[in-house]
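Taken in order, these protein sequences are the chains called A and B. Going left to right, the first sequence walks through residues 1 to 141 as the numbering used here numbers them. Going left to right, the second sequence walks through residues 1 to 219 as the numbering used here numbers them.
One or more of the hints may lead you astray.
From the derived model, a few chain A residues whose C-beta atoms are all more than 12 Å from chain B [stated by the list, open to error]: (1) ALA59; (2) ASP63; (3) THR85; (4) ASN86; (5) VAL89.
Taking CB as the label site, the calculated pair distances span [said to hold, decoys possible]: (6) LEU124(B) - GLY98(A): 26 to 34 Å; (7) ILE149(B) - GLU61(A): 31 to 39 Å; (8) ASP32(B) - LEU137(A): 32 to 40 Å; (9) ARG34(B) - ASP32(A): 25 to 33 Å; (10) ALA136(A) - LEU37(B): 50 to 58 Å.
Keep in mind that the hints were calculated from the coordinates and are not lab data. For every residue, glycine included, the Cβ atom is placed at its ideal position computed from N, Cα and C.
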Amino acid sequence: MFVLIVGAGRVGSAVAKRALAQGHEVSVLDEDPLSHERLVEIEGQTWEDAGGIFTVGTALEVDALIEAGVQKADVFIASTDGDNTNLTVAQIVKRRFGIEKVLCRVMDPARAAWYAEQGLHTISPTQHAIEMFEQALGAEQ
Amino acid sequence: MYVIVVGSGKVGLNLTRELIAKGHEVTLLEADRRRYLVVEEELEHAVQYGDATELWILERAGVQRADLVVAVTGDDEDNMLVCQVAKEKYLCERVIARVNNPRNLQHFKLLGIQPVVSATDLILRLIEHEVPRYGLVHLLALEEERLEIIELEVQESAPAAAKRVADVALPQGSLIISVLRDGRGFVPTADTVVEAGDQVLLVLDSGLEDQITPVFAPD
């Protein structure tokens, strides 16, 4: 599979490395050239030597998305640190490039839930944290 | 009318002032605490503090009963999402979004957000109007209604030159609504003769301009 990940923060870079190690083609797009540092050190190889692709650019620039390979992507992951960026770019690639598997990180649980109802696959770390805290609290009682 | 304005920069603040002066009920939303405190001194309860891309902020502002939501922040993603949520989740019938970066216009359209206002586009239209390059100026496009108003300068060699309005061969779905001559404009009758050098305003179904341009400006 060709996996395109926008936003190489802690989450995005970890998912990218894991996907590459599993044998997928992985392309990462981030506006910060320094975020490339999070991708190195895969069994002593650089990201590129290990077969990864890295592009510097902003999520909403269609040219940057195309350069990063959006047209052949089977999976798209929006994992920048901005909910609004993730929600916008996820919807755009889904509608414009017809990618079926689009995953979108949304910190705000309320919007994660509503956009999920609209058919977007949202993942809300905040919601997961709330549930885990609740479970841990329940276990204490 | 109850209007929610998102973003209290120069555009949002002045828009709010104008709408209040016209007697409308307005709530202005501002996400930046410092800016909010400045604006609050003038607008008092008409401005609320909060990030309008969060659902509860919109709900607190009464989005369910809003007749119009106008998103004019400096961030296109925010404007897009505020309008999308207002329209699709809260079923607000009218939304207007500001486009800061004209390259994002395609994204607004893709998400079904219209109408949109882009300062760059407006200035371009003005430049076209002041310095017509191809003799054709787009004055107004109503995309949903699929209507356009254009302005054309009549050339000497044009088929329409020196003809009565009634005799100008126009495609169905177009109409001459005004003639500008010697610095003044008038609404023509069927007997008005179109002269070279006139500027004519036409209303037309969108998509017809390629057929209409040669009638007035063949070169």
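These are the hints, each one checked on the structure:
1. The beta carbon of ALA59(A) sits about 9 Å from the closest Cβ of chain B, which is not more than 12 Å, so the claim that it is off the interface is violated.
2. Distance to chain B contradicts ASP63(A) as a non-interface residue, since its nearest Cβ pair spans about 9 Å, not more than 12 Å.
3. With 12 Å as the threshold on Cβ separation, the claim that THR85(A) sits away from chain B is violated: the shortest Cβ distance comes to roughly 6 Å.
4. Not every CB of chain B is more than 12 Å from the CB of ASN86(A) (nearest about 9 Å), against its label as outside the interface.
5. At roughly 9 Å from the closest C-beta of chain B, the C-beta of VAL89(A) falls inside 12 Å, breaking its exclusion from the interface.
6. For the hinted restraint 26 to 34 Å between LEU124(B) and GLY98(A), the CB-CB distance of approximately 32 Å keeps it satisfied.
7. At roughly 33 Å, the beta-carbon separation of ILE149(B) and GLU61(A) lies within the given 31 to 39 Å, and the hint holds.
8. Checked against the hint of 32 to 40 Å, the pair ASP32(B) and LEU137(A) passes, with Cβ atoms roughly 35 Å apart.
9. Between ARG34(B) and ASP32(A) the CB atoms are about 26 Å apart, so this pair conforms to the stated range of 25 to 33 Å.
10. About 39 Å separates the C-beta atoms of ALA136(A) and LEU37(B), a value inconsistent with the hinted range of 50 to 58 Å.
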